[in-house]
Amino acid sequence: MGWVAIKMLAGDRTKFFGLIFGVSFAAFMMSQQVSVFIGIVRRSASQIVDVRDAPIWVMDSRIRHLDEVPGLPATDLTRVRSVPGVDWAVPFHKGQGLAKLANGESRSVVVMGLDDATLVGAPVEMLAGELADLHKPDAVIIDKAGYEYMWPSEAKSLAREGYRLNRTFEINDRRAIVVGVCRASSPFVTLPLLYTRFSQSSRYTPERNAMNFVLARAKPGENEQEVCRRIQEATGRLALTREQFFWKTIHYFLASTGIPVNFGITIALGFLVGVAIAGQTFYLFVVENLKQFGSLKAMGVRDSKIVGMVLLQGLVVGFAGYCIGVGLSAGFFTMTNTMTHLAGLYLRGEAMVGVAGAVAAIILFATFVSVRRLLVLEPAIVFRG
Amino acid sequence: MLTFAQEAASYETLDSNATAVICCGVTKEFGRGDGKSIALRGVDLDVAAGEMTLLVGPSGCGKTTLISIVAGLLDPTEGEIHVLGQDLRVLKGHKLVDFRGANLGFVFQQYNLLPALSAVENAAIPLIALGIKRREAIERAGELLNAVGLGSKLKAMPSQLSGGQQQRVAIARALGHEPKLLVCDEPTAALDAESGRVAMELLRKVAVQPGRAVIVVTHDNRIFDYGQTIVHMSDGRVVEVERGNA
Ligand SMILES: Nc1ncnc2c1ncn2[C@@H]1O[C@H](COP(=O)(O)OP(=O)(O)OP(=O)(O)O)[C@@H](O)[C@H]1O
Ligand SMILES: [Mg+2]
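Line order of the protein sequences matches chains A and B. When the first sequence is numbered by my numbering, its final residue is 385 and no position is left out of the sequence of numbers. When the second sequence is numbered by my numbering, its final residue is 246 and no position is left out of the sequence of numbers.
Each hint should be verified, as a subset may be incorrect.
[Unchecked claim] For each label pair, taking beta carbons as the anchor points, the in silico distance ranges come out as:
#1 A:Asp303 x B:Arg41: 48 to 56 Å
#2 B:Gly35 x A:Thr257: 36 to 44 Å
#3 B:Gly151 x A:Leu364: 43 to 51 Å
#4 B:Lys133 x A:Ile259: 53 to 61 Å
#5 A:Met339 x B:Glu139: 54 to 62 Å
[Unchecked claim] On the chain A side, residues computed to face chain B include the following (Cβ under 10 Å):
#6 Arg208
#7 Met299
#8 Val301
Derived by calculation from the structure, the hints in this document are not laboratory data. The model shown is predicted, which means the values in this text are computed figures rather than measured ones. Note that beta-carbon positions come from the ideal geometry of N, C-alpha and C, so glycine has one too.
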């Protein structure tokens, strides 16, 4: 009877498209918002993810997240280095400064100071210039989005003329020369990211102790957790694996900002709209076809078959709506990926799975309400006018 | 007391004009308290196989209620119903549904065709419900539509057919699985005189068969001549039975 169910469903054009529209809309809204949400929350920890060469982060023990880092005394570096199981340890600085451009405008910037000798924590992908040029005096490397943010009037001619290297500006009254442009994950606040040598970054920011992280690696064969524990014991500082620090920062953002609530409301609205439109339309569809279902019952079609038919109808609507909605979402992210402030956001697997669950819930709800009507249906209604 | 199988078997062995339906003291009440209405007040009725029985009477006298009960679509408040040797009271749930599917055919006043299915697909539904493969069912339904004079309309949708044609599709649908009891509620009420006559001719020629009982509810006195037995009802009771009418 499956084909009968499909023909019944598709035969009622208005309701069929209404149903698919409702589910698509909900799936689009939910998958898009969940993806943006995950993307934005991850941004709060994106500078942790971008440091791919150091698996252990050592920091002040009272720190709550990545952007709230008091300095460490220089002696901490040697203390970490002397902990058994530590392969190497280097200083790392992350701070904010005020850049003054040649035209007199100023910009807040994030300054990252990398160990002078090893450049641990350096950007992985260069779009212009060479990473090695960071060893030159006053050299900084800026991220792509930051470049466009610092010099927005050049954004249009970028494609034609390329990045202008060796241009200068000032941070904290010190000279900075742009020697390269790199790709980096967008930070949570859309500020330019400046990479420079550690010795130089201390001059760019006013803090007394420039080193606010020690980046380290465990010797091959050592357990990272165990090494972290030893560092904590020896220094009294907090030592976390990259993964742990990432989640600590994410959890802080989830717990202490209004972002989850705002997104939660939009996502819940998408879900409710889906439930309302799909549930109501589906119910109307079934109620209007009660007599058809009644004649099937009269002609010897069992209740279980009837329920199966309704479930199949729900499945078709849910599947079509899900594919269209998630497809639209993917299209949205493809289209917006060239826009700098939306770049790096994409349709996330978690969103696809979660939305599949939500659509299934919508369909189950819609069919459940309708199936109840069918099960109590007196087949004798077939004789009523 | 006989089991279902024994009763069914004993029915099979009876001659083809045996009694197909026996109603004994059947009552039906709808609602309760002040809103209560009594549709049937104790109906005793035998319906013979091999002929057409007309059920007539004024509007609201309980005709539809009675055939709904006989067809196992509605439970009586009291009384006994035996259909084709089967006591309907002992059939519950999907057993009752299966019994209906195997033994009963229906023709409705409003045809009740599924609008999204073509004529031949509609006619195939009871066969498919019985578990016959879609292809084979459609093929057999096509032959039936031929028999009711709609061989050229197999693929037509119900909305493209006249009322009389739709009713003929419904008759084909009701007969494809060769039911032993055919129940028709006002099959001509929505049709003009000529289409009604064609439908009744069809029922008389194609539907009435040895071993099959046909019950037709009507208050269309133009078609009284088609029935061999006419059962008159009034106010929830059978008041007169004319046998050997035609
Ligand atoms: N589901 C129901 N709920 C309440 N009352 C009902 C119901 N079905 C029928 N009745 C009542 O039972 C009585 C008999 O109705 P029924 O439909 O059997 O009459 P009928 O002889 O078929 O009439 P008609 O010729 O108009 O079709 C009527 O008074 C009707 O109002
Ligand atoms: Mg009636």
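Structure-based check of all given hints:
1. A:Asp303 x B:Arg41: 48 to 56 Å: violated (32 Å)
2. B:Gly35 x A:Thr257: 36 to 44 Å: violated (59 Å)
3. B:Gly151 x A:Leu364: 43 to 51 Å: holds (45 Å)
4. B:Lys133 x A:Ile259: 53 to 61 Å: Holds: the Cβ-Cβ distance is about 58 Å, inside 53 to 61 Å.
5. A:Met339 x B:Glu139: 54 to 62 Å: holds (60 Å)
6. Arg208: violated (79 Å)
7. Met299: holds (5 Å)
8. Val301: holds (5 Å)
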